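Protein chains in written order, with this note's numbering: chain R, 1 to 479; chain Y, 480 to 928.
One or more of the hints may lead you astray.
[To be verified] Some chain Y residues close to chain R (C-beta under 8 Å, calculated; not the full set):
(1) 689
(2) 695
(3) 696
(4) 777
(5) 778
(6) 891
(7) 894
No lab work stands behind these hints: they were computed from the structure.
Owing to the predicted nature of the structure, the values given are computational and were not obtained by experimental measurement.
A virtual CB, placed ideally from N, CA and C, is assigned to each residue, including glycine.
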Amino acid sequence: MDKRLLYGLFLIGIAAMIFSLAFPPAADYTKDSSYFHERIISTIAQNGHISSIDAQSYQGRELTGLFIFHYFVAPFYALFGQSALHFITVLLLAGCIVLVGIITFDLTHSRKLSLIAAITAMFIPSLMQLTSETSPLLFTFFLFLSCIALFFRLPQHQYLYATTLTLFALTSPLSLIYALSFTAYLLISSHKKYLKRDREVYIFSTALIIWLQLIIYKKALFFHGISLIYSNLPQTYLPNVFFDQHILTLLTLVGFIPALLGAYAAYHYVSRAKREDIFLFSIVLVIITLLFARLLTAEQGIPLLGLVISILFAQGIGLLNTQLKALKSKTLSYALLTLIFIAFLATSVVPTLTLHKEPLLTTQEKTDLATLPLPQNATIMTTLDKAHAVAFITKRPVAADSNFLFVDNSDFVVQDIDNIYSSSFASQALPFLERYSATHILYFDEDVKKYGLNSYLDDCFKLISNTSIILYEVRCTTQ
Amino acid sequence: MKKETLFTILCYLLTLPTFIIPLFVFSTLPSSLSTEQLLHQDVLSDLKFNRDPVIEPNLYHSILKFIPSQRLLGILLFATILFLTFALLKEKKPLFRILCTFLLFLTPITVGAALYDAQVLLFIALLLAALYFFKKQKTIPTLLVFAAYSTASIAHTLLGILVLTTYAVFTKGWKDSKKTLLLTGSTGLLTALLSKAPLFYSYYAEQLSLSSLFVELGAKRGVGVFFITLAAFAIWRLWSKHRSSQVVFALTILSFALTPYLGDFAIALATFLLLPYAAWSLHHLLTQKWESPFFYYVGICALICGLLFTQLAYLDRAYTYLPDQAALDALSFAKEKTPPNAVIFSHPQNGYLIESIADRKAYTTTYVTSSSDPRFKLKVSDLLFNERNFEEGVALIKSAGITHILITPHMKNGQIWYRDGEGLLFILRDKNTFKKIYSKGGYDLYEIQ
Chain R
1 MDKRLLYGLF LIGIAAMIFS LAFPPAADYT KDSSYFHERI ISTIAQNGHI
51 SSIDAQSYQG RELTGLFIFH YFVAPFYALF GQSALHFITV LLLAGCIVLV
101 GIITFDLTHS RKLSLIAAIT AMFIPSLMQL TSETSPLLFT FFLFLSCIAL
151 FFRLPQHQYL YATTLTLFAL TSPLSLIYAL SFTAYLLISS HKKYLKRDRE
201 VYIFSTALII WLQLIIYKKA LFFHGISLIY SNLPQTYLPN VFFDQHILTL
251 LTLVGFIPAL LGAYAAYHYV SRAKREDIFL FSIVLVIITL LFARLLTAEQ
301 GIPLLGLVIS ILFAQGIGLL NTQLKALKSK TLSYALLTLI FIAFLATSVV
351 PTLTLHKEPL LTTQEKTDLA TLPLPQNATI MTTLDKAHAV AFITKRPVAA
401 DSNFLFVDNS DFVVQDIDNI YSSSFASQAL PFLERYSATH ILYFDEDVKK
451 YGLNSYLDDC FKLISNTSII LYEVRCTTQ
Chain Y
480 MKKETLFTIL CYLLTLPTFI IPLFVFSTLP SSLSTEQLLH QDVLSDLKFN
530 RDPVIEPNLY HSILKFIPSQ RLLGILLFAT ILFLTFALLK EKKPLFRILC
580 TFLLFLTPIT VGAALYDAQV LLFIALLLAA LYFFKKQKTI PTLLVFAAYS
630 TASIAHTLLG ILVLTTYAVF TKGWKDSKKT LLLTGSTGLL TALLSKAPLF
680 YSYYAEQLSL SSLFVELGAK RGVGVFFITL AAFAIWRLWS KHRSSQVVFA
730 LTILSFALTP YLGDFAIALA TFLLLPYAAW SLHHLLTQKW ESPFFYYVGI
780 CALICGLLFT QLAYLDRAYT YLPDQAALDA LSFAKEKTPP NAVIFSHPQN
830 GYLIESIADR KAYTTTYVTS SSDPRFKLKV SDLLFNERNF EEGVALIKSA
880 GITHILITPH MKNGQIWYRD GEGLLFILRD KNTFKKIYSK GGYDLYEIQ
């Protein structure tokens with residue numbers, strides 16, 4: 001490996017870390033799921049392991065998955081607290097960017113192009129958003145890119161490839177995208193001659209991924225069947241989680257210019273016998289298909305697509321450069337490259353720099369939640385949007401949250417919560433509160449704005465807190 | 480040869496748990512008989528006392544008169560199928576035959592049928608035997624065996640003719656076999672008509688979906704993902720080289736599509752059609768020269784572990800379909816405390832348990848044939864499950880002649896309802912009309928006043 005390139009990539013990685021530490025897209029978590037992940041990490045840090053039953057969710061609900069990322073970061077969390085999570089997330093982002101550069105170098109053998117790819121990856125808006133969250137996604141992307149990089153370096157690194165792939169399959173169901181992409185790659189290039197070794201790697205990779213995924217999700221698969229793909233989400237949640245937009249929105253989210261030039265490179269190489277590019281093209285094809293078929297969530301699919309497209313984009317630039325060199329007019333080629341650069345600045349760099357999201361909870365809300373006078377056996381009814389945050393900060397179980405695996409008919413959960421907050425009479429709300437064994441009902445400002453404070457609250461419900469958080473204790477039963 | 484012997488030993492060592500685990504589990508269960516086995520026992524008892532059986536009796540029930548242990552019969556039929564598979568593939572390489580056997584052990588439908596419902600294996604064995612005699616050009620045994628097979632249903636017969644024709648065309652050619660084929664086909668159809676076989680026959684009417692086909696997705700009977708992947712790989716590779724793969728592919732799709740009408744038999748037939756292809760894939764993977772020995776060993780190991788995992792996960796789950804102690808108690812109570820002419824309403828899937836254990840008439844079962852179409856009763860059941868209007872609900876119950884209602888925990892926990900007071904559960908709150916005569920272990924039995 002070229003040492004100067006490694007230094008260059010290292011510097012870009014450091015720049016990405018400084019950039020995301022200095023200008024995070026949000027001051028705090030913007031997603032409720034981040035609180036869930038931090039809660040799991042915190043439990044592991046405290047107890048050394050996590051129980052298969054999550055007592056803080058739905059009065060005890062089974063957890064699915066191996067939580068490898070959570071176990072990996074838990075020791076650092078125990079030592080350095082929440083800042084360790086942020087640092088590791090940013091470190092993983094830098095790792096992904098460096099890997100994009102390395103893969104590009106393997107394909108093009110051009111130092112310049114691999115640096116361009118790495119810089120492009122640094123400015124993927126949807127990827128940068130992840131740096132202010134706690135999520136195993138960046139770890140998964142890192143493993144995904146590692147598998148691609150090692151696949152291109154086979155047979156030299158076969159043991160490392162096998163180990164990384166196993167870790168990847170154990171970490172995330174996104175490994176199935178890798179298996180699907182491999183299938184698409186073999187189908188697209190079935191007429192090529194270089195495939196024998198790839199077929200062997202394919203058989204190994206696919207069998208291993210499917211087998212491990214079946215083992216990990218065995219129980220959930222039996223419980224939910226094929227609808228496990230949708231994580232048993234209620235109908236009302238599906239449009240928020242899956243990509244439901246125009247293709248132009250997708251291009252904006254991954255970067256317009258990288259997407260266009262990436263597509264150009266893909267088109268150019270698919271018609272030629274270059275296996276690495278066909279493989280990358282297959283990944284792009286599979287992700288886009290799954291996104292539009294609503295089989296892959298936007299949160300997972302779009303940043304991953306952005307990363308792969310960065311590699312193709314650099315090759316697009318390389319191709320364009322070769323073709324521009326053939327032009328007689330240098331002015332025209334410089335003008336065109338400048339135009340592309342300006343367009344890249346406008347569509348990728350500026351959106352990333354100006355990326356700003358409101359945190360899920362304000363500082364005041366977090367403080368108020370942490371100081372709520374709640375008994376140890378309290379079960380809090382809250383709206384699903386902030387349920388994980390409430391469970392993590394108050395350290396009390398919530399009646400329901402947005403993790404719907406192993407929940408019978410998740411649509412009913414949404415309806416029930418809606419009924420509780422919109423009921424006009426205590427007699428209407430109490431049966432629902434009893435169903436979830438809720439002892440307290442909690443209102444954020446948004447809930448008050450959306451539902452209003454119910455008139456029934458005075459009769460059977462004692463006001464416990466009236467700050468930025470309104471909390472009532474349930475004092476009546478239907479009996 | 481040494482490698483093959485070692486591999487055979489390894490295969491059989493791996494398949495040992497296939498039979499040890501269920502036999503161990505059965506010894507700890509309150510009822511070791513599955514719903515289907517109880518159903519067949521009930522048919523025998525109905526025939527003995529000249530009562531109308533809940534499903535139409537066929538050859539399987541006649542055999543049961545001589546071999547009363549259904550599990551023993553299942554294992555015997557499984558052994559027969561093993562022998563016939565070996566015999567049919569006699570010209571193939573030994574490793575290929577070993578792999579076919581290995582896959583037979585590792586397909587949920589074959590072992591599952593041997594343990595829980597041998598009727599499926601009987602008709603598969605008869606079809607394989609017909610193929611075997613046909614291959615050996617023994618016309619009379621072919622006709623006799625195919626005639627016996629045809630007593631199942633007309634749909635079984637037609638599907639059997641298609642399978643025989645495909646086999647004949649691709650092994651001997653149409654010209655050499657058309658006479659035997661025409662004779663066999665017409666004998667089969669004639670037997671089906673003379674024996675008044677139904678048009679189709681399935682005692683489990685189930686909607687066709689991915690979740691009802693793949694055991695990994697929770698199918699009660701189905702195929703495994705790894706098995707299908709192996710077969711699909713072979714069909715893809717042989718698609719242009721051998722036209723038979725195209726026909727077999729079409730037949731497999733047809734079999735799967737007929738699942739709602741032929742039940743487990745359709746899935747079992749599709750499995751047997753795909754078996755040589757899945758074995759071909761395994762054979763191909765094992766015998767081709769790999770560039771990387773590491774990927775060879777680990778990849779093959781992952782594949783075999785995947786196949787084994789499917790089977791073990793299925794067997795680990797399948798015994799949960801057997802009736803538990805609470806169900807046996809509730810049904811025994813119904814047998815003792817309800818009048819002999821009682822008609823018990825419950826979920827259609829509980830119909831056979833009511834008929835066999837409680838020995839009472841179930842309002843509806845999942846039994847589907849051309850002559851006994853449960854669609855009307857299923858529609859009424861559906862209406863009744865969701866009815867919240869007391870007067871209309873009671874009128875519906877009375878007009879259907881229902882005297883008792885059995886509610887199970889499964890029905891209350893998602894099979895029909897998710898909440899207290901939903902649909903029929905709301906109507907049942909009226910104590911004047913519905914007297915709760917039994918309530919234990921989540922099972923409630925109501926008597927209609």
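Status of the hint placing residue 695 of chain Y at chain R (closest C-beta pair under 8 Å):
holds (6 Å)
Quick one, is the residue 689 of chain Y hint okay against chain R at 8 Å, beta carbons?
holds (5 Å)
Does residue 778 of chain Y meet its interface restraint, that is, does its C-beta lie within less than 8 Å of any C-beta in chain R?
It holds, given that the least Cβ distance between residue 778 of chain Y and chain R is near 3 Å, below 8 Å.
Hint check: is the beta carbon of residue 777 of chain Y less than 8 Å from a beta carbon of chain R?
Since the shortest Cβ distance to chain R is 6 Å, the answer is holds.
Would the hint on residue 891 of chain Y be counted as holding, given a Cβ-Cβ threshold of 8 Å to chain R?
violated (11 Å)
Quick check on residue 894 of chain Y please, does its C-beta sit within 8 Å of some C-beta on chain R?
violated (10 Å)
Evaluation of the interface hint that places residue 696 of chain Y against chain R, nearest CB under 8 Å:
holds (5 Å)
This entry does not satisfy hints 6, 7, going by the numbered hints stated previously.
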